[in-house]
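Novice: Protein chains in written order, with numbering that gives the first Met the number 0: chain A, 0 to 249; chain B, 0 to 317; chain C, 0 to 93.
Calculated from the structure, these hints are not laboratory results. There may be inaccurate statements among the hints.
[What the hints assert, rightly or not] The calculated lysine-lysine pairs, modelled on DSSO-like cross-linking and capped at a C-alpha distance of 27 angstroms, are:
hint : chain 1 : residue 1 : chain 2 : residue 2
1    : B       : 34        : C       : 59
2    : A       : 193       : A       : 219
3    : B       : 281       : C       : 76
[What the hints assert, rightly or not] Listed next, the stretches of chain C that the computed footprint assigns to chain B, with coverage defined by at least 3 CB atoms under 8 angstroms from CB atoms of chain B:
hint : segment
4    : 2-15
5    : 20-26
6    : 52-66
7    : 82-93
Here the structure is a predicted model, which means the values were calculated and not measured. A virtual CB, placed ideally from N, CA and C, is assigned to each residue, including glycine.
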Amino acid sequence: MNNNLYNYILGIADNSLILGQRLGELCGHGPSLETDIACTNISLDLFGQVRSYFQYAAQIANDGRSEDTIAMLRTERQYVNVLLVEQPNVDFAYTITRQFLFDVYHYKFLVQLQKSNDATLAAIAKKSIKEVSYHLRFSSDWIKRLGDGTEDSHNRIQNAVNDLWAYTDELFHQTPADKTMIAEGIGVDTLKFKDNYFKEATEVLIEATLVVPDLEYFQKGGKEGVHTEHLGYLLAEMQYMQRTYPNMKW
Amino acid sequence: MSEAQIKSLEEEFEARIARNEKIEPKDWMPEKYRKTHIRQMSQHAHSEIVGMLPEGNWITRAPSLRRKVALLAKVQDEAGHGLYLYSATETLGVSRDELFEQLHTGKAKYSSIFNYPTVTWADMGAIGWLVDGAAIINQVPLCGASYGPYARAMVRVCKEESFHQRQGYELILTLAKGTPEQKEMAQDALNRFWWPALMMFGPRDDDSPNTEQSMKWKLKRKTNDELRQQFIDQTVPQAELIGLTIPDPDLKWNEDKGGYDSGKINWDEFWQVVKGHGPCNKKRMNTRVAAWENGQWVRDAAIAHREKQEQRKMNKTA
Amino acid sequence: MKKEWPLWEVFVRSKNGLEHRHFGSLHAADADMALVNARDVYTRRSEGVSIWVVESKHIKASNPEHNGELFEPAQDKVYRHPTFYDLPDEIKHM
């Protein structure tokens, strides 16, 4: 089995898995019916992508693992999503900011992944990019509405940006698996669009009348499996059935 | 308008419905028709929205990714159905905010079935199979309702609903065919949801005073007891097929009537839940109200943003 | 503040070659939001290739009370219909 490729896929898919799970928590609790339906759509897109990635990973592992065991039967330290996506739904401002900061990255990432030497990854990217392009539009529009809305909404979204900005730098950290895959023309060299990421995210925030935090220190660790305390609870819920009733078909 | 004029308008109105003509929003209609429709349609919409909660309860814990996306899509559909129905109700001159207000203050009712808790994963199957099954039986005739917007909304709802019952039955079937633990979980869910599902068709015909009027306006095509019988006859063989037992010792095939005889429904429990004392009435309402109140600043912000944008546009052209 | 998001009417073209048809309505704060909401609410099952949204208040509707003067005068203008004209039986298609 190609361990580097396997781990590389997990690195991509875990982001969508954990973010999809977070959005799934909101289903039925949105600020309006229309917004509820929209957030669920994004969640469904992400889970769809996750399934494609994990089915491919299971095929590479070829040892009886399935999309579900990969998704639900790892330990906390084996999840390699970035810290950003596991941050909780404190309020709609956090949900939108987390989405936006990830979408800008996700879109740029998929543009590059379409050119991957790995045909399966390139195909998944090609399909996903249409979905993510819509996510980005949705979250950018909401950043602007909330930033340039009422005083209350402005303060809330500014707070969310202040808190979540610290998790942006990690998007561009590269693990050993990442580096190997980049060298083989399979992986995406994220550093190549890092400047562009910050430029575009900043543009939207400024248009939304928000201030971009000037941070000296950023948070990191997710990609090495060292997570914030939030992830454990998310996993406890997500894994509950598979852990309680092992080896069953659902 | 004189009383005689109103009476003649009413007669013409009833005649139109009897001729199978549809009533559209701007047509003249008796006040009672309008009010009854607002009540029934909004109650239906509320049921969809509150109904998202017992199932939404298991989205984060679904046992497989395939089940998770199916459940998410289903709960999302319910939001959509609520939305179609609220929109149709709004054509009668009441706003969605007013309807929410009625729900949140307890003035409006919703289907009591959603006041029962979903305690295991198998309940997702029981809800899809039994609750959506019962809902479809109730809803299909409404595609021919006399009020145009309601009938059109119901056509859309019924089209989408058919996947819900199938996914529920497939889910429970998988459990029934699974390990002893899974089968027990499925049987337990059937035991808990069977009677509440039967109650979804409403009180016995003898205790249902509005039936005649509703039949005339095509808000109903069959009586509560007829629909309940149809549901029992349809569901019993489905349970047998997958080896589950309907929790009714008095259930027996009656050759003469070509349907099942069944045991007594606990109507005390029915009225208790209707009156707000079911296991989850308070929790459901608190959750809805919290979602609405927590969303207020978001809705306000979006309006404020639009007004600012328009102001800017005006300043530019001025 | 407590202002309700306005109501929008949604028109969807199911596929190219067909006209936009009224699908229903929804609430949105602005036109962009109405468009994305319409996409999420009314085209989840590939029902459309094009969407129009218009704020409901901009629609001017005819009043059913005027149906007599608006639509009944057309009823006796049978000469507008092909069946009004007698042709020899030998002419099969015209």
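Novice: State for each hint whether it applies.
Specialist: Hint-by-hint comparison with the structure:
Proposed proximity of residue 34/B and residue 59/C is supported: the alpha carbons are some 25 angstroms apart, at most 27 angstroms. For the proposed pair residue 193/A and residue 219/A, the alpha carbon gap of about 16 angstroms is at most 27 angstroms, so the pair holds. A threshold of 27 angstroms between alpha carbons decides the hint, and for residue 281/B with residue 76/C the separation of about 63 angstroms lies outside it, so the pair is violated. Coverage of the segment 2-15 of chain C by chain B holds [criterion: at least 3 residues with CB-CB distance below 8 angstroms; count 4].
Requiring three or more residues with a Cβ within less than 8 angstroms of a Cβ of chain B, the coverage given for the segment 20-26 of chain C holds, as 4 such residues are present. With 4 residues having a beta carbon nearer than 8 angstroms to a beta carbon of chain B, the segment 52-66 of chain C meets the requirement of three or more and the stated coverage holds. Coverage of the segment 82-93 of chain C by chain B is violated. Counting CB-CB distances below 8 angstroms, 0 residues qualify, and the rule asks for three or more.
Comparing the model with each numbered hint stated earlier shows that hints 3 and 7 do not hold.
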